[in-house]
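Asker: Assemble the whole structure, with the sequences as input and the hints as a guide.
Here my numbering is used: the first residue of the sequence shown is 1, the next is one more, and so on.
Hints are computed from structural coordinates only; laboratory data are not their basis. These numbers come from a predicted model, not from an experiment. Where is the CB? At the ideal position from N, CA and C, for every residue including glycine. Be aware that a few hints might be false.
Pair ranges (Cβ atoms, derived) [unchecked claim]:
| id | residue 1 | residue 2 | range |
| --- | --- | --- | --- |
| 1 | Thr74 | Ala28 | 28 to 36 Å |
| 2 | Ala54 | Tyr80 | 14 to 22 Å |
| 3 | Asp52 | Asp31 | 14 to 22 Å |
| 4 | Ala84 | Gln58 | 17 to 25 Å |
| 5 | Asp52 | Thr74 | 28 to 36 Å |
| 6 | Tyr80 | Ser34 | 16 to 24 Å |
| 7 | Lys26 | Pro62 | 16 to 24 Å |
| 8 | Asp31 | Thr74 | 32 to 40 Å |
| 9 | Arg21 | Ala54 | 22 to 30 Å |
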Amino acid sequence: MLANSCTRNPFDHGKIRAPGRTISGKVALTDGGSPQNVYVWLEGINAGTFTDSAGNFQLTLPAGPAAGGSSGLTGVYRLYFYIANYTIKKSCQSC
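Answerer: What follows is the structure, given as structure tokens:
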């Protein structure tokens with residue numbers, strides 16, 4: 001039996017941790033603007049949060065059915081970044 005798991009965030013090398021089940025990272029804008037209050041949203045799980053003044057974010061994944069049941073998450077999920085209701089970027093490995 002072969003089992004794989006993801007322990008690193010592919011976007012900025014932030015860690016994906018269990019059992020707290022969080023995804024963390026940092027938003028940096030290419031125009032040098034402030035990354036504060038960028039909304040980060042994980043599609044399919046409907047988990048979202050805002051960045052702090054340095055652009056850091058941490059998403060806490062829900063437990064139970066919203067997160068794929070007691071067995072955990074499987075599949076590909078897109079992470080979106082929004083400023084004032086405009087999508088500035090979406091991230092996934094196979095989009």
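Asker: Could you run down the list of hints and mark each one as holding or not?
Answerer: Hints, one by one, checked against the model:
Checked against the given bound of 28 to 36 Å, the beta carbons of threonine 74 and alanine 28, roughly 30 Å apart, stay inside it. Distance hint check for alanine 54 and tyrosine 80: the Cβ-Cβ separation is about 20 Å, which falls inside the suggested range of 14 to 22 Å. In this structure the hint that aspartate 52 and aspartate 31 lie 14 to 22 Å apart at CB holds, the actual value being about 19 Å. Between alanine 84 and glutamine 58 the beta carbon distance is about 22 Å. The supplied range of 17 to 25 Å therefore holds.
For the pair aspartate 52 and threonine 74, the supplied restraint of 28 to 36 Å holds, since their beta-carbon distance comes to about 30 Å. Between tyrosine 80 and serine 34 the beta carbons are some 19 Å apart, a value that agrees with the proposed interval 16 to 24 Å. Look at lysine 26 against proline 62: about 23 Å separates their beta carbons, and that is inside 16 to 24 Å. A hinted range of 32 to 40 Å for the beta carbons of aspartate 31 and threonine 74 is consistent with their spacing of about 36 Å.
Under the hint 22 to 30 Å, the C-beta atoms of arginine 21 and alanine 54, about 23 Å apart, fit the expected range.
In summary, the structure agrees with every hint in the numbered list given earlier.
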